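Trainee: Chain by chain, the residues run as shown.
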Amino acid sequence: MLNYDLVVIGGGPAGMAAALRAHEKGVKKIIILERADSLGGILEQCIHTGFGLHYFGEELSGPEYAGRFITQVYDTDIDVKVDTMVLDISDDNVVTACNNFDGLLTIKATAVVLAMGCRERPRGALSIAGSRCSGIMTAGTAQKYVNIDGYMPGKTVVILGSGDIGLIMARRMTLEGAKVKAVCELMPYSGGLTRNIVQCLEDFGIPLRLSCTVVKTHGKDRLEGVTVANVDEHLKPIPGTEEYIPCDTLMLSVGLIPENELSKNAGVELDRITNGPSVDEYRQTVKPGVFACGNVLQVHDLVDYVTEESQIAGEGAARYIEGERADGEKVYTEGTNGVRYIVPQRINKNTDKDVKLYFRVGQVFRNVKLTVKCGDEVILSRPKKKMTPGEMENVLIKTDVIKRLPADSKITVSVEEA
Amino acid sequence: MTKREMVCVSCPIGCAITVELDDSGEVISVSGNSCKRGDAYARQECTHPERMLTSTVRVEGGNLPVVPVKSATPVPKEMLFDCMKEINKVSLKAPVHFGDVVIENILGTGVNIIATNEIY
Ligand code: SF4
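Residue numbers (this note's numbering), protein chains in the order written: chain E, 14 to 431; chain B, 29 to 148.
Since the hints were made in silico from the structure, they are not lab data. Check the hints yourself; a few may be wrong.
These stretches of chain B come out as covered by chain E in the derived footprint (C-beta under 8 Å, 3 or more residues) [to be verified]:
id	segment
1	74-83
2	86-96
3	106-115
4	142-148
DSSO-like, lysine-lysine: derived pairs with alpha carbons at most 30 Å apart [stated by the list, open to error]:
id	chain 1	residue 1	chain 2	residue 2
5	E	Lys366	E	Lys398
6	E	Lys399	B	Lys105
7	E	Lys192	B	Lys117
8	E	Lys192	B	Lys113
9	E	Lys300	E	Lys41
10	B	Lys31	E	Lys397
11	E	Lys192	B	Lys105
12	E	Lys157	B	Lys105
13	E	Lys194	E	Lys229
14	E	Lys362	E	Lys416
15	E	Lys369	E	Lys277
16	B	Lys31	E	Lys398
17	E	Lys194	B	Lys113
18	E	Lys277	E	Lys300
19	E	Lys194	B	Lys117
FRET-style restraints, in silico, Cβ to Cβ [said to hold, decoys possible]:
id	chain 1	residue 1	chain 2	residue 2	range
20	E	Ile251	B	Glu88	49 to 57 Å
21	E	Arg81	B	Cys39	18 to 26 Å
22	B	Asp110	E	Asn243	33 to 41 Å
23	B	Glu132	E	Thr412	52 to 60 Å
24	E	Ala49	B	Ser62	41 to 49 Å
25	B	Thr75	E	Asn112	52 to 60 Å
26	E	Thr119	B	Lys121	41 to 49 Å
27	B	Ser62	E	Pro252	36 to 44 Å
28	B	Thr75	E	Tyr158	33 to 41 Å
29	B	Cys39	E	Ala431	13 to 21 Å
30	B	Cys39	E	Lys369	15 to 23 Å
31	B	Glu88	E	Lys366	48 to 56 Å
32	B	Thr75	E	Ser144	46 to 54 Å
Just so it is clear, the structure is predicted and the values come from calculations on it, not from any experiment. All residues carry an ideal CB built from backbone N, CA and C; glycine is no exception.
Let the sequences and hints guide you as you build the complete structure.
Mentor: Pasting the structure below:
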């Protein structure tokens with residue numbers, strides 16, 4: 014059995030940032046275990062720019078953003094094993110993994126950072142009638158075909174879901190000569206960033222059809238077309254609104270699911286809404302010494318937030334390794350009235366830092382007030398011109414406020430009328 | 029005189045901006061923006077809109093068949109498809125490094141197309 018102070022599971026932006034911060038904080042023996050054949054994670058196929066505006070103050074492409082962290086990792090003595098699949102995390106933080114070189118690996122870890130990221134909601138999760146013909150894939154799979162493998166998966170495309178990956182792929186396919194006939198979105202608003210709607214759809218005259226879904230796929234061996242229909246306020250297709258659109262490719266961009274099979278097996282408690290671990294302000298899960306960050310914790314829209322969150326987790330892991338324990342009094346957080354969830358879910362009362370609460374709202378709000386309360390006490394309240402489910406929000410709670418709240422009390426964040 | 033409606037993408041608020049243009053396409057007024065950035069964005073969009081262009085270029089003999097590339101700075105929006113044609117003509121030989129110039133001064137825009145990953 015190998016011994017490490019810190020085992021980081023996943024070598025994407027989250028895993029790398031956590032490992033690097035722990036290293037900076039003096040953690041000696043760190044290893045990153047990555048399932049793919051190189052570090053970088055999903056950024057390697059996100060060749061569009063717009064990454065790093067906050068963190069580096071530059072508009073980098075995904076591979077460039079990842080590349081900066083990869084270089085930093087290889088400049089340290091952090092160990093990296095790629096092509097390595099983690100199978101299990103035991104009660105006492107023994108990580109079992111396997112690869113072609115070592116066979117089965119067992120690593121005793123003082124602390125573990127979960128940074129496995131997320132995966133796309135697949136076709137099977139939607140109930141669309143039709144055969145299992147080729148030409149139906151998630152937008153991320155299509156992105157890999159085009160940007161990594163170098164071939165076009167189709168010529169005429171319909172995209173279901175207006176998440177950012179779907180929007181980005183609409184532009185990518187169009188630039189490479191394909192015809193994107195429509196992007197259909199079930200909800201009455203898009204889940205993507207406004208910038209992407211303008212620059213990926215409007216720039217190319219690609220119609221965005223809101224409150225619209227794909228009800229049937231046609232074709233036996235290869236997709237030949239899809240039937241789309243408008244939906245009512247209960248998201249049910251409205252009879253009589255069906256329309257047939259010929260296409261050879263259907264891309265799905267219908268949500269991301271944090272990849273928490275390992276976490277669940279390890280006894281980490283998950284949040285019902287985020288589908289990620291429930292954590293404290295240092296991103297420690299309920300399992301002592303196990304931390305989580307990045308898309309495995311909550312789905313992010315900006316990688317800069319992933320980096321920030323992962324640095325917090327890396328610092329938390331370093332403190333844990335030094336012997337700090339989060340077993341004191343806590344306060345809890347809860348999103349109410351329009352706020353769907355909050356990360357972190359709990360805060361140690363003796364925390365020595367201001368804590369940013371990250372959250373998403375459940376619908377589009379304009380000219381409202383964002384209010385943070387504990388019981389009847391209003392901790393802060395600020396006007397918000399616009400909040401949408403597609404953009405993660407945050408609000409900062411000061412240490413002195415946290416310290417004076419009663420133990421086990423609840424901090425609520427809500428949307429109120431201005 | 030014509031009016032153009034647009035959404036400012038300079039920050040997440042996404043103000044709805046109205047621009048009034050005279051017959052020669054000069055901006056007469058910008059309204060609806062909440063800050064200076066919105067004004068600048070709207071003027072640029074109406075007079076000479078620009079976009080970053082990203083794509084891939086074929087590579088022979090590398091660990092992957094293509095390398096991602098980007099325009100080092102934005103190119104005029106109306107030239108995106110012409111630039112794509114040029115990019116798709118290029119084929120490189122491995123290795124390729126971050127920042128390698130793949131096409132110099134593409135179509136006389138003064139903008140270089142550069143590699144954004146390592147191929148070995
Ligand atoms: S005008 Fe200013 S406030 Fe409004 S969206 Fe643009 S940058 Fe944001």
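Trainee: When the hints from earlier in the document are held up against this structure, which numbers fail?
Mentor: none
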